[in-house]
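Student: Residue numbers (this note's numbering), protein chains in the order written: chain P, 1 to 358; chain U, 1 to 230.
Calculated directly from the structure, the hints in this document are not laboratory data.
Mixed in with the good hints there might be a few duds.
[Unchecked claim] Okay, the calculated beta carbon distance ranges per label pair:
no.	chain 1	residue 1	chain 2	residue 2	range
1	U	H13	P	D70	54 to 62 Å
2	U	R121	P	G321	22 to 30 Å
3	U	L215	P	G25	58 to 66 Å
4	P	D113	U	T38	34 to 42 Å
5	U	F220	P	R9	41 to 49 Å
6	U	F51	P	K209	18 to 26 Å
Yeah, the Cβ is synthetic: ideal placement off N, Cα and C, and Gly gets one too.
One letter stands for each residue in the lines below.
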Amino acid sequence: MLSVAVKKRRGSFMLDAQFELPTPGVVTLFGRSGCGKSTLVNIIAGLLDPDEGRIALDGSALLDTHQDIDIPAHSRRIGYVFQDARLFPHLSIASNLRYAARRAPAKRVIGLDEVLALLDLGSLMGRRVHQLSGGEKQRVAIGRALLSQPRLLLLDEPLASLDAARREEVLPYLESLRDKLAIPMVYVSHNFDEVLRLATYLVLMESGKAIAQGGVGEMSLNPQLRAIIGADAVGAILDGSALGADSSGLMRIKVGSGELLVQAAHIAAGTKLRVQLLARDLIVATEVPHSLSVRNCLAGVVVAVSDDDADSDLISIDIGGTDIIARVTKAATRELSLRSGLPVWALVKAVSLRAHVI
Amino acid sequence: MTWLRPSELEALHLSLSVAARSVLLSLPLAVAVAWLLTRRRFVGRTLLDAFVHLPLVLPPVVVGYLLLVLFGTRGPIGSWLERTAGIELVFTRNGAALATAVMAFPLMVRSMRISLENVDRGLEEAACTLGAGALDRFATITLPLMLPGILAGAITAFSAALGEFGAVITFVSNIPGETRTLPLALYSALQTPDGDAAAARLAAISLMLGLGGLLVSEWFARRMRRLLGR
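Generate the whole structure from the sequences, applying the supplied hints.
Tutor: Written out as structure tokens, the structure is:
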């Protein structure tokens, strides 16, 4: 458990954030640029002093301004992956990794061989920093942070300075880090795709405050998320397990009391998968539809109808223990008399869904 | 160097020895002062900055005179050094090294400050999160990254030390074999009838040393840049 309650004034900006995060897992601090995410992780790392507050990791205080506890950054054992990698330019890649390993406590959580294998660093060892691409630098930076045997790993927008192709190159490594290591991670991002792919828990930040937090599925329905990611990216995030491919080669995923079909036949049955049903992609029907190309038809009950903007409504639908949301025009709401309690069918094309392994 | 007279060889040798001592003496202090002036905000910082730069604006003779007052046999620091450590500065090559060190100090500090300002503080932060304490960070990150500036400063200061005249002659006089460095020897040669040829030879050595210093400095800078991939 990482518990944070800190205040810091910087000019007219006031950071005043409080939250308790489950560990292990990947917690994303999500918000627009300038909302105080980086300031917050710098305070957690000990690189920046808050005006007042308390930070504790698994019960032991790292900082407590009321009890005069302030463990210096170099003794906190919190790994930090910066946006700009920050590899030491005067050292080789191997020496950069050794720099961390030499200063790590004797009790190892992860060894050099494991780090090299996990991040595919073997071929980079003899190179110099300026010979690496942005993505390679970031992989080395992650490896270096891991070799310091951290109790917590902070990642401050590690992909933000990479182009889309490099980002796709690094993301799988972060996913395998999450799946194979027990090191809790705090991941700062303003890119919702990264949240979707990596996060287990989400803290929403806005102008210096943590405005909402919770599991990713629950948070995907939070109205405050819409203001940050925009109406087009809103949609329920469902975690489920792969049931195996159907006769047509589509993967069946169990979500709520129903099943979804997605194009991911190569995934082994039993694998945990995550799918986002974008609100704008969902079609709502009040009768069982037939003769449609749509592969997915989830039966449910409308639980709420709320304004999205002047012309559209958000329809929350319970599909059996879990909610999804659909965005429809107000005209459609009126015509179908969509209201709480109404049985409906939510339709979505298999080709518009993408399953992520979690 | 068979074309040099023994006394001229002696002046060359002495100059190199004085300049080397001067650089070794001032190097650690210059690093410390550069770090203080760049990284710390403290009361009296502006004053320290001005004090360090004083030799650039004072006539060298005045610097020599002040050294005489402070480090002379009866001066407060000079008498203390002689009593406690048996170090004599007036009329000795160590004194000459001190005089040249003071004169070259601002150049050295300047070059180190510029390189220290270019050291990315983010790298020090990264080292910190990897478990490196303050001294460790300085020794393993800051110092290696400011090495180009340290080397450039040392080479500049060495060259300046070879050429220092006013402060040396005022503080430690012009004693053959002890304090008569190249410029002093050149000056003395000019004061002697038929000293023209000697003066020309001494000037030629000075020229070669200066040129050599510049070339070495440039070579170092290139090597450093290549190493850091800039």
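Student: Determine which of the earlier numbered hints do not hold for this structure and return their numbers in increasing order.
Tutor: Failing hints, ascending: 2 and 6.
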